[in-house]
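Heads up: the protein sequence lines correspond to chains A and B, in order.
Position one of the first sequence corresponds to residue 7 (the working numbering), numbered consecutively onward.
Position one of the second sequence corresponds to residue 299 (the working numbering), numbered consecutively onward.
No wet-lab data here; the hints were simulated from the structure.
Do not take every clue at face value.
Chain A is nowhere near these chain B residues, computed Cβ spacing over 12 Å in every case [unchecked claim]:
#1 Y301
#2 P304
#3 L328
#4 P338
#5 C347
#6 I360
#7 G370
#8 N371
#9 G399
#10 S409
#11 L422
#12 S456
#13 V493
#14 N534
#15 V565
Okay, the calculated bits of chain A under chain B, using three or more residues with CB under 8 Å as the criterion [what the hints assert, rightly or not]:
#16 205 to 217
#17 223 to 229
#18 237 to 248
#19 271 to 285
#20 321 to 329
Just so it is clear, the structure is predicted and the values come from calculations on it, not from any experiment.
For glycine and all other residues, C-beta sits at the position ideal for the given N, C-alpha and C.
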Amino acid sequence: MSADLHGSQRAVETLVSKLRRRQVVGSREAALETVLVLRQVVSKARFSNIDQLISLIRSVGKRLVEAQPKEHSVGNTVRKLLHHIREEYNTAMTGNASSSKTVYSISNFVLQGQPRKQNVAPKSEATLTLKENDPDDPDSFARVLKPVLMEAIQDVLDELETVYDNISKNAKDHIHSDEIILTIGHSKTVETFLKVAAHHRSFTVIVAETGPSYNGHEMARALSSAGISSFLVPDSSIYAIMSRVNKVIIGAHAILANGGMFAITGSLLAANAARVHSTPVVVCAGQFKLTPLWNLYHDFGALDFADPSSVLGFEEGNLVDKVDVLNPYYDYVGPELVDVFITNDGDHPPSSVYRLIKETYDDDDHEL
Amino acid sequence: MTYLSPQISHLVAARPMSVTMGNAIRQLKLEISGSDIDLPEQDAKDALCQKIDNYIRDRIIIADQVIEETAGNKIKDGDVILTYARSSVVQKVLLGAHAEGRQFSVIVVDSRPMLEGKRLLSVLASAGIQCTYILLPALGAIITEVTLVLVGAHSIHSNGAVYSRAGTALVAMMAKLHSVPVVVCCETYKYSETVQLDSFTKNELAPQGDLFSSFPSVKARDSLTLENDEHLEILNPLYDLTPPNCITAVVTEVGVIPPNSIGSIPVALGRLL
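Excised from the complex, chain B in its bound form (with noise of 0.2 Å):
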């Protein structure tokens, strides 16, 4: 234990704590804490590393298998889907739907300053499934015609809130007032046991990384070199946190959950493993 703290905190250091994180590391201590003392060191660190093996495999990879199909089954031919940004288990799930012959079509919903949207576009457009890329402020020109939001989250609280990449709750938010539903895709390792209230704790800020590769090329470069100044501060929040009454439902590994029992995923678990 004490040879692996320095490793967290140098790894903390360099990027905040995040649930995911932070679950995975409770895992690894409490299978540490539970293997036999008497066992060879050699043996001991061979059974710790399948363990971590067996997390990573029923986890995270079967469990995105699980949520393809119980998300996909929500699919229905004629669907206009509408995601927002990237997610990768969302992407997963329209390929799966696809590659089973369901058709609908997709709109992804892209925002600055990660436009992670344009990577999910091109991997769905090459498998041949029909996308509309609109960016976040025109959601209101197109919400009419969406019958069912799939989005990922980044981590899911107890209380049914969902701490997604920034942007998210505003799609949310337009998809319940036009009675659309929202589905959350998101495995059990994301699950925190925490209640979080606004978006402002926890928050990550984006870097300024390269200041044009994100803005149209059409926009006149010299119009968009703002630097932070005396009085101008440039603020590129990463996450945002969705309120539980604007989800419809959560698909995971262990079931299509409604936000307000999201408190019973624990519990759900234990019976599975």
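This is chain A alone, in the form it adopts within the complex (with noise of 0.2 Å):
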């Protein structure tokens, strides 16, 4: 028993080193990797009450978060998985799901703040028989609630692993024929949607290449060899090329909590290029890249920044000591500039995201 716990606190510590040492790409990898983490945590976990259950995953969470606290998918999948938790357990100790608010009255709206909660089906379709601190059978509780909280872990994997199509399921109703579509960068979600779309319509694709990364090169080359008619442009003719697209699809990094975004760097030209034009800005992510953070000091500190030598390489020998170079990653898009998230759980315009953070999120989560 103590080797299983041993074990899964190995996983956690490998997880955190990858996740220092920046070898665990993209949001929905950290996110699938956080979610097999914690089933494992789970699974081998001895508690004899919730809070002891809960304080362990934030206590795990904690940890991840810290190793890479810019990947905010990681912290959102805990969140998340802690969401799910609270729910089960609710369900299982009051034997009716927590969802029927059918007191409407000010004090319940007032006291509890939120006035619909996520609907998360029960597991439990029979009252559980919970007995939390049974000095006899200390592990009776665990015991009983763990199969349940198993099969809330596995929802979670399932939605993150369908989280493409899932997006991609009204791509038609968003393309139509004809269109000259602008992205940048290269986002795997963009990439599933503008091919899935490409099966009901025909339209054009311009990729921006986005330096210093040139993502966009792969993305051509994905969607070219997808039978998508593409143009890969460089980063500087944005604006002159703005007046003919018809719509900006990109990807996001991290939806923030007043509906703003951290998306790849290139993101705040090209939306800040498409109001200008009244061009619909559209961005298409995940629902675990929602993130109850905001972003009051965007200048430079919630940036990430990449190596400078892509920017200015070793072969400019002679400038390199003499000369500043920046490369940030990420870029901060207001809330303003777009228009529409897509996410796995359907549209929201950027004014709902809060709203959409207090149902997936419990309030106690904010601060691991």
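Using the hints, put the two chains back together into the complex; each one sits in its own frame.
The structure is reproduced here in structure tokens:
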């Protein structure tokens, strides 16, 4: 049993070091790995009441978040898991679905502050006999609750695995025939979205290269091999072509509580150019990117910086020590620049992101 | 004139006629038609050559010096100046202001495919000016620090629009959003009476050229070998149009002009010449 505990601790440590060394690339990858590690932790955990379990998960979550604070999907997944666990626990304890709020009194509204909770279908159909802190059988609580929790975790895992398909469900309704779409960087979500739409519509995609990572090249390659007519242009011509573009579709790294988002650098330029030309900006992102964070000091504090040699390499030897080089990896795009977020849970305008966050996560978990 | 036409067509066949080329040719034709028919051939030729030299001296070299001084006066101590790609006039302005002892720093914004900013960067850094170098997409992170944007132009139009290196429009747009003045340094020989509405007419595409040199050496080469095929086309437009509302002022050798008065340049020139 102590070996089990060490096993899950080792899994946590492995993920922590992977995150710190940025060996986990991509927010979806990070979220998947987090769920898998937490599943191990929960299955091996020993607890006799719900608070012990929650504080265990919170401590693990805190370690993961501190390993890579700029990878927000890790923290989001932990929070989502905690939310699901609390839901399951509440259902099991009370026996009825917590979503039935038939008493719409002002005091209820004010006290709870959440008029609607995200409907988590209760796994436990029958009331489970849960006894917390049973002195005779300390494991009974855990034993009874664990299968229910594992199913809840499986739910989260399934949601993560089907994220691309769910986002692309209504792709054909968002793109008309003969539209010209601008995208930047290489977002797998947008790539799937466009490929699914291409089955029903014929349109053109202009991909901006997005220096200094130049991920646009992979995107153009992927789209053109799927038969979508594509143009690859450097970032400098984004304003020039914007008058001909019908829609800008980009991906996000994280969606913030005010409806703003972090996205690959260059998104701010594209979004502003689109705003100037009154072109709609569509963001495709999974719900696991919803982050209960605000961005007050977005000039540098929230940004992540990559290595400057992609901007000015050592082949420019005599310049390297005389010059400052900046290579931010993400841009902050404000809510006023985005028109809609297409998530696996439907389409949402930036103004209702705060409500999504209230429904998806619990208030106690904003600070892990 | 008939002797010149095939020469001109030959040049235009190599590269589309630019505004500056058109202006110079028009001036030359004006001089030719204005020259005295009684003059012996050699004298007439010498006079024309003298006129051409004067054109170069007055409209290009001295104009640059006037702009260098005028725009240099706009630079104050402690300024953070942003410039895009490489304009020879802006380079002269910055070097001149630095030589006069003004303390400022420069942010050079650069972009593929030309990556001209690197050349400007090495010139400025060797002169001892404190420089920062970023690629165009990183502009959003740095624009809040900027106090002045100085750019050059390929041509300016009578409605105040500026036709310049692709990417200038993005820089001007971001500067305007953050209330940073955008100053365009442009000689009058680049003025065109036409009005250009978008970036597509008269644009040029950069040649494919050396596939790898403009990419960072840390990027794996096999990921960059994209070629045109049935569904993919690679375009590198060289120019774009900055609308007049993003520009604060244009510095020419006849004065500092707001964008809605650019159409008065021929009048100002007429008074000078």
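To see whether the hints hold, each was checked on the structure:
With a cut of 12 Å on Cβ distances, B/Y301 stays outside the contact zone with chain A, its closest approach being about 38 Å. The beta carbon of B/P304 is kept farther than 12 Å from every beta carbon of chain A, the shortest such distance being approximately 34 Å. With a cut of 12 Å on Cβ distances, B/L328 stays outside the contact zone with chain A, its closest approach being about 34 Å. For B/P338, the condition that its CB be more than 12 Å from all CB atoms of chain A holds, with the nearest at approximately 52 Å.
With a closest Cβ-Cβ approach of about 39 Å to chain A, B/C347 is found to remain outside the 12 Å limit, as its non-interface label requires. Look at B/I360: its CB is around 32 Å from the nearest CB on chain A, clear of 12 Å, so calling it non-interface holds up. With a minimum CB-CB distance of about 22 Å to chain A, B/G370 clears the 12 Å threshold, and the non-interface call stands. Listed as a non-interface residue, B/N371 keeps its Cβ farther than 12 Å from every Cβ of chain A; the least gap is roughly 26 Å.
With a least CB separation of 20 Å from chain A, B/G399 remains clear of the 12 Å interface cut-off, as annotated. Not every C-beta of chain A lies more than 12 Å from that of B/S409, the closest at about 4 Å, which undercuts listing it as non-interface. Not every beta carbon of chain A lies more than 12 Å from that of B/L422, the smallest distance being close to 9 Å; the non-interface claim is violated. The claim that B/S456 lies off the interface holds: its Cβ sits roughly 20 Å from the closest Cβ of chain A, which is beyond the 12 Å cut-off.
Against the 12 Å criterion, B/V493 stays outside the reach of chain A, whose nearest CB is about 16 Å from its own CB. The non-interface label for B/N534 is inconsistent with chain A: the shortest C-beta to C-beta separation is roughly 6 Å, within 12 Å. Consistency note on B/V565: stated as away from chain A, and its beta-carbon is indeed over 12 Å from all of that chain's, at 31 Å minimum. Closer than 8 Å: that is the beta-carbon criterion, and the stretch 205 to 217 of chain A has 3 residues meeting it against chain B, so the requirement of 3 holds.
Chain B is given as covering the stretch 223 to 229 of chain A, and this holds because 5 residues of the stretch bring a CB closer than 8 Å to a CB of that chain, at least three being needed. A count of 11 residues in the stretch 237 to 248 of chain A with a Cβ less than 8 Å from any Cβ of chain B is obtained; the coverage claim is therefore met, three being the minimum. Counting residues of the stretch 271 to 285 of chain A whose C-beta lies closer than 8 Å to any C-beta of chain B gives 7; at least three are required, and the coverage claim holds. Given a C-beta distance limit of less than 8 Å, the hint that chain B covers the stretch 321 to 329 of chain A holds, as 6 residues qualify and 3 suffice.
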